[in-house]
Amino acid sequence: EAGVAQSPRYKIIEKRQSVAFWCNPISGHATLYWYQQILGQGPKLLIQFQNNGVVDDSQLPKDRFSAERLKGVDSTLKIQPAKLEDSAVYLCASSPGSSRGYTFGSGTRLTVV
Amino acid sequence: AQSVTQLGSHVSVSEGALVLLRCNYSSSVPPYLFWYVQYPNQGLQLLLKYTSAATLVKGINGFEAEFKKSETSFHLTKPSAHMSDAAEYFCAVSESTGRRALTFGSGTRLQVQP
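Protein chains in written order, with this note's numbering: chain A, 1 to 113; chain B, 1001 to 1114.
Hints in this document: simulated from the structure, not taken from any laboratory.
This one's a predicted model, so the numbers in the text were calculated from it and none came from an experiment.
Just so you know, not all the hints are guaranteed correct.
[As the list claims (entries may be wrong)] Beta-carbon label-pair distances, calculated as ranges:
no.: 1; chain 1: B; residue 1: G1062; chain 2: A; residue 2: I12; range: 36 to 42 Å
no.: 2; chain 1: A; residue 1: S27; chain 2: B; residue 2: P1114; range: 42 to 48 Å
no.: 3; chain 1: B; residue 1: S1096; chain 2: A; residue 2: T111; range: 25 to 31 Å
no.: 4; chain 1: B; residue 1: Q1045; chain 2: A; residue 2: I12; range: 35 to 41 Å
no.: 5; chain 1: A; residue 1: G72; chain 2: B; residue 2: Q1113; range: 21 to 27 Å
no.: 6; chain 1: A; residue 1: K71; chain 2: B; residue 2: S1070; range: 44 to 50 Å
no.: 7; chain 1: A; residue 1: G28; chain 2: B; residue 2: A1017; range: 38 to 44 Å
no.: 8; chain 1: A; residue 1: S58; chain 2: B; residue 2: Q1113; range: 38 to 44 Å
no.: 9; chain 1: A; residue 1: V113; chain 2: B; residue 2: N1041; range: 18 to 24 Å
no.: 10; chain 1: A; residue 1: G97; chain 2: B; residue 2: K1069; range: 49 to 55 Å
no.: 11; chain 1: A; residue 1: G40; chain 2: B; residue 2: T1072; range: 37 to 43 Å
no.: 12; chain 1: B; residue 1: Q1045; chain 2: A; residue 2: S27; range: 38 to 44 Å
[Stated by the list, open to error] Calculated cross-link-like contacts (lysine to aspartate or glutamate; reagent style DMTMM-like; alpha-carbon spacing at most 25 Å):
no.: 13; chain 1: A; residue 1: K44; chain 2: B; residue 2: E1088
no.: 14; chain 1: B; residue 1: K1058; chain 2: B; residue 2: D1085
no.: 15; chain 1: A; residue 1: K11; chain 2: A; residue 2: D86
no.: 16; chain 1: A; residue 1: K44; chain 2: B; residue 2: E1095
no.: 17; chain 1: A; residue 1: K15; chain 2: A; residue 2: E68
no.: 18; chain 1: A; residue 1: K83; chain 2: A; residue 2: D56
no.: 19; chain 1: A; residue 1: K71; chain 2: A; residue 2: E85
no.: 20; chain 1: B; residue 1: K1058; chain 2: B; residue 2: E1088
no.: 21; chain 1: A; residue 1: K11; chain 2: B; residue 2: E1095
[Claimed, not checked] Some, not all, of what chain A presents toward chain B, calculated at C-beta under 10 Å:
no.: 22; residue: Q6
no.: 23; residue: T31
no.: 24; residue: Q37
no.: 25; residue: G42
no.: 26; residue: L45
no.: 27; residue: Q48
no.: 28; residue: D56
no.: 29; residue: L60
no.: 30; residue: A93
no.: 31; residue: F104
no.: 32; residue: R109
Ideal Cβ placement from N, Cα and C applies to all residues, glycine included.
Build the full structure now, drawing on both the sequences and the hints.
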C-alpha cells in the first residue's frame, strides 16, 4: 500500500510571499488532516476533511491559511502571505475512519526568512 | 475537549536500561490513545494504540503501554533500551466517537547513552 505523499519536501520563502503544499492520501481514505509542527512542539491540527467537506478548521488562521480537497482525494494547503512564525513542518495524514489508523506523510519543512 | 500532557521533555537512559515515558490525558468521552515515534527529518510512525480492547497494549520494537483509566495515564515502557530508540516520542488522544482528530502532547526526546 502506498503511503501518504507530500510535496515539496522542503521550501524556503521570504516573509509576505505565498506558498502551497500538496498531499495525496492513501487511496480510499475518506478523512484527511493537515497538522502544523513547530520545532520542539507536538503537531497541532489545522484542518480536517471528511471526503471533500471540512469537519474542523477551528485552528486554521483563516486570514492567511486556506485549504481545499478536490474531489475528496488530493489536498492543498496554502499560506498567503507567510509570516516568520509560520516556519514549521506541515504534516498531512489520512485515515479510513473510526480510528482504525492514521497514516502520516513525511511532511513539508517550511522556512520563512 | 481533550488534551495530553507528557511529563519530561527530555529523558536520558543508558543502553539496556528501562525506558519509561509518561503520558496523562484528559478527555470528555472515552478516549483512544496512541504513541508515535519521530526520527529526525521523518514523519510520525505509529508505535501502538489503545482502542478500548486490552488495557495492556504491545507495539512495535518491544514497546508497550498500559491504559489506566483511574489515573488517566498511558505510559510507554520498554524493558531494555537500544541505541536505535533515540528519537522524539509523542502521545496522542482521539475521541472514540465524533471527529476523531488526534490531539498530541508536546513530545519527549529520548536519549540513549552507550
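For each hint, the structure was consulted:
no., hint, verdict
1, B:G1062 with A:I12: 36 to 42 Å, "holds (39 Å)"
2, A:S27 with B:P1114: 42 to 48 Å, "holds (43 Å)"
3, B:S1096 with A:T111: 25 to 31 Å, "violated (38 Å)"
4, B:Q1045 with A:I12: 35 to 41 Å, "violated (26 Å)"
5, A:G72 with B:Q1113: 21 to 27 Å, "violated (48 Å)"
6, A:K71 with B:S1070: 44 to 50 Å, "holds (46 Å)"
7, A:G28 with B:A1017: 38 to 44 Å, "holds (42 Å)"
8, A:S58 with B:Q1113: 38 to 44 Å, "holds (42 Å)"
9, A:V113 with B:N1041: 18 to 24 Å, "holds (19 Å)"
10, A:G97 with B:K1069: 49 to 55 Å, "violated (25 Å)"
11, A:G40 with B:T1072: 37 to 43 Å, "violated (25 Å)"
12, B:Q1045 with A:S27: 38 to 44 Å, "violated (20 Å)"
13, A:K44 with B:E1088, "holds (16 Å)"
14, B:K1058 with B:D1085, "holds (16 Å)"
15, A:K11 with A:D86, "holds (12 Å)"
16, A:K44 with B:E1095, "holds (16 Å)"
17, A:K15 with A:E68, "holds (23 Å)"
18, A:K83 with A:D56, "holds (23 Å)"
19, A:K71 with A:E85, "violated (31 Å)"
20, B:K1058 with B:E1088, "holds (19 Å)"
21, A:K11 with B:E1095, "violated (33 Å)"
22, Q6, "holds (8 Å)"
23, T31, "holds (7 Å)"
24, Q37, "holds (9 Å)"
25, G42, "holds (3 Å)"
26, L45, "holds (5 Å)"
27, Q48, "holds (5 Å)"
28, D56, "holds (6 Å)"
29, L60, "violated (12 Å)"
30, A93, "holds (8 Å)"
31, F104, "holds (4 Å)"
32, R109, "holds (8 Å)"
Hint compliance for this structure: hints 3, 4, 5, 10, 11, 12, 19, 21, 29 are not met, and every other hint is.
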